[in-house]
Structure formats: C-alpha cells, structure tokens
Amino acid sequence: MEYKKYKLFEFEREFPAEIFLYKLGKISYHFHSKLELIYVLEGNVEIISQDRLYALYEDDIFLCNAYSSHELHGQNAVILSLELDMEKLGVKKEERESIIFDCNSSLEEDKSQFEKIKALISSFIKYNLKQQENRIYANLSMIYTLFAELLNKYQITSNTKVNKASKNLIKLNKIIEFINQNYNKGIGLKDLSLQFNLTVPYLSLFF
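Using my numbering, the first residue of the sequence shown is number 1, and each one after it goes up by one.
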C-alpha cells in the first residue's frame with residue numbers, strides 16, 4: 001500500500017521547517033538535504049536507515065540525518081514528520097556536512113529523555129492551529145529551541161562509515177542538481193567528469 005501525505009501548515013518561504021502527516025504504507029528509499037524528525041502517532045513502523053532495521057512503536061521518535069537514505073514501512077500507521085532545513089537555520093555549509101545526530105527512542109528503555117522534544121513539537125502544532133498574527137517570531141523561537149535540544153543532547157561524532165555515506169550522497173545530490181540545471185545542453189559523462197573533477201569510469205561506477 002502506498003502512503004498518503006498531508007501538509008499541516010503553510011509557512012513563509014524562508015521558514016526553516018515544514019511539518020507533515022503520513023499514513024503508511026510504504027515509503028521507498030530516499031534521502032533529502034534536511035533533517036527529518038519522525039514521531040510515531042499510531043501503529044508500528046519499520047525504518048531501514050544506513051542498512052539497519054529499526055522497529056518503532058506508538059510514541060517513538062527517530063531522527064533521519066541529512067543525506068541519510070532511509071525507507072519506511074507500516075500498516076495503517078500514522079507518523080508526523082518535521083523537516084528542519086539547517087541552511088535556513090543559519091548553519092554554515094562546512095558545519096552542516098559534519099553534523100550527525102543519534103536520536104532514536106526505539107533503542108532506549110528509558111524514553112523520558114525524549115519528552116522535551118515531544119513537548120516542543122506539541123507546542124509548535126497547538127500554536128499554529130490558532131493562526132495568530134505575527135506567528136513567525138514564536139515559530140522561529142520554538143524551532144531554534146528544538147534544534148538546540150537536538151544539538152545539546154543528540155549530536156555525535158560521526159563514524160567513518162556514516163560520514164563517507166553522507167559525503168557520497170551530498171556529492172550525488174550536487175551532480176543531480178547540475179544535471180537538472182543543464183540537461184537541455186546535451187551534457188554527457190565527460191562533461192560531468194570535468195565539472196566535478198572525476199574520471200569517467202569512476203563517475204559511471206559512482207552512479
């Protein structure tokens with residue numbers, strides 16, 4: 001069964017977060033440049049991330065790192081997805097590429113450490129349901145508080161395997177962006193190899 005996706009709120013173009021509801025289904029392997037904080041509201045969810053399978057149950061939290069490929073499965077499960085754009089949060093490029101989090105309540109017996117994250121998400125949703133004027137300032141305050149909580153409690157020093165996989169996905173994303181911007185110019189592997197300073201055989205193998 002395919003998933004259904006609902007966008008909860010519309011924010012200003014430069015706002016650093018988006019929030020969605022998903023009814024699973026299956027979401028095939030994908031990755032994105034944003035952090036994705038997944039909160040299981042109903043049912044059970046399986047997440048495959050970095051070649052590992054995690055079983056999440058109702059009220060579990062899981063954070064997918066930027067450029068980390070992942071896949072989700074569930075039978076009529078409902079999840080909330082909060083996407084955080086570190087670029088729009090003001091994090092410098094060289095810092096973004098090295099920030100890795102380990103935030104996964106399914107591996108913890110004591111889940112009380114995740115209550116603050118859940119409370120911040122709940123406050124964020126409740127506030128936006130009121131549709132108040134000038135809400136941008138309160139929203140930014142809550143999102144920065146949430147991001148600080150993640151940095152203070154869940155940021156880790158990336159291991160070599162995870163770091164290499166993330167860097168490869170960053171490189172792949174840059175190549176795909178270049179292709180999207182120049183596809184009408186008849187570019188080929190040789191053009192890409194020159195643009196990204198890679199040999200043609202390596203580029204072909206990399207894809």
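There may be inaccurate statements among the hints.
[As the list claims (entries may be wrong)] Calculated cross-link-like contacts (lysine-lysine; reagent style DSS-like; alpha-carbon spacing at most 25 Å): (1) Lys171 x Lys34; (2) Lys26 x Lys88; (3) Lys174 x Lys118; (4) Lys26 x Lys92; (5) Lys171 x Lys153; (6) Lys130 x Lys171; (7) Lys23 x Lys93; (8) Lys130 x Lys153; (9) Lys174 x Lys34; (10) Lys92 x Lys23; (11) Lys174 x Lys190; (12) Lys153 x Lys93; (13) Lys171 x Lys88; (14) Lys116 x Lys126; (15) Lys34 x Lys185; (16) Lys190 x Lys92; (17) Lys130 x Lys174; (18) Lys111 x Lys88; (19) Lys88 x Lys5; (20) Lys5 x Lys23; (21) Lys5 x Lys92; (22) Lys88 x Lys190; (23) Lys126 x Lys4.
[Said to hold, decoys possible] Between beta-carbon pairs, the in silico distance windows are: (24) Gly43 x Glu10: 23 to 29 Å; (25) Glu115 x Val200: 50 to 56 Å; (26) Ile125 x Gly43: 30 to 36 Å; (27) Gly186 x Ala119: 23 to 29 Å; (28) Pro201 x Lys116: 26 to 32 Å; (29) Ile125 x Lys26: 43 to 49 Å; (30) Phe15 x Gly186: 36 to 42 Å.
These aren't lab readings, by the way, just hints derived from the structure by calculation.
All residues carry an ideal CB built from backbone N, CA and C; glycine is no exception.
Hint-by-hint comparison with the structure:
no., hint, verdict
1, Lys171 x Lys34, "holds (15 Å)"
2, Lys26 x Lys88, "violated (29 Å)"
3, Lys174 x Lys118, "violated (33 Å)"
4, Lys26 x Lys92, "violated (34 Å)"
5, Lys171 x Lys153, "violated (28 Å)"
6, Lys130 x Lys171, "violated (41 Å)"
7, Lys23 x Lys93, "violated (33 Å)"
8, Lys130 x Lys153, "violated (30 Å)"
9, Lys174 x Lys34, "holds (14 Å)"
10, Lys92 x Lys23, "violated (34 Å)"
11, Lys174 x Lys190, "holds (16 Å)"
12, Lys153 x Lys93, "holds (22 Å)"
13, Lys171 x Lys88, "holds (20 Å)"
14, Lys116 x Lys126, "holds (15 Å)"
15, Lys34 x Lys185, "violated (29 Å)"
16, Lys190 x Lys92, "violated (31 Å)"
17, Lys130 x Lys174, "violated (39 Å)"
18, Lys111 x Lys88, "violated (30 Å)"
19, Lys88 x Lys5, "holds (23 Å)"
20, Lys5 x Lys23, "holds (7 Å)"
21, Lys5 x Lys92, "violated (31 Å)"
22, Lys88 x Lys190, "violated (34 Å)"
23, Lys126 x Lys4, "holds (22 Å)"
24, Gly43 x Glu10: 23 to 29 Å, "holds (27 Å)"
25, Glu115 x Val200: 50 to 56 Å, "holds (53 Å)"
26, Ile125 x Gly43: 30 to 36 Å, "violated (19 Å)"
27, Gly186 x Ala119: 23 to 29 Å, "violated (54 Å)"
28, Pro201 x Lys116: 26 to 32 Å, "violated (50 Å)"
29, Ile125 x Lys26: 43 to 49 Å, "violated (25 Å)"
30, Phe15 x Gly186: 36 to 42 Å, "holds (38 Å)"
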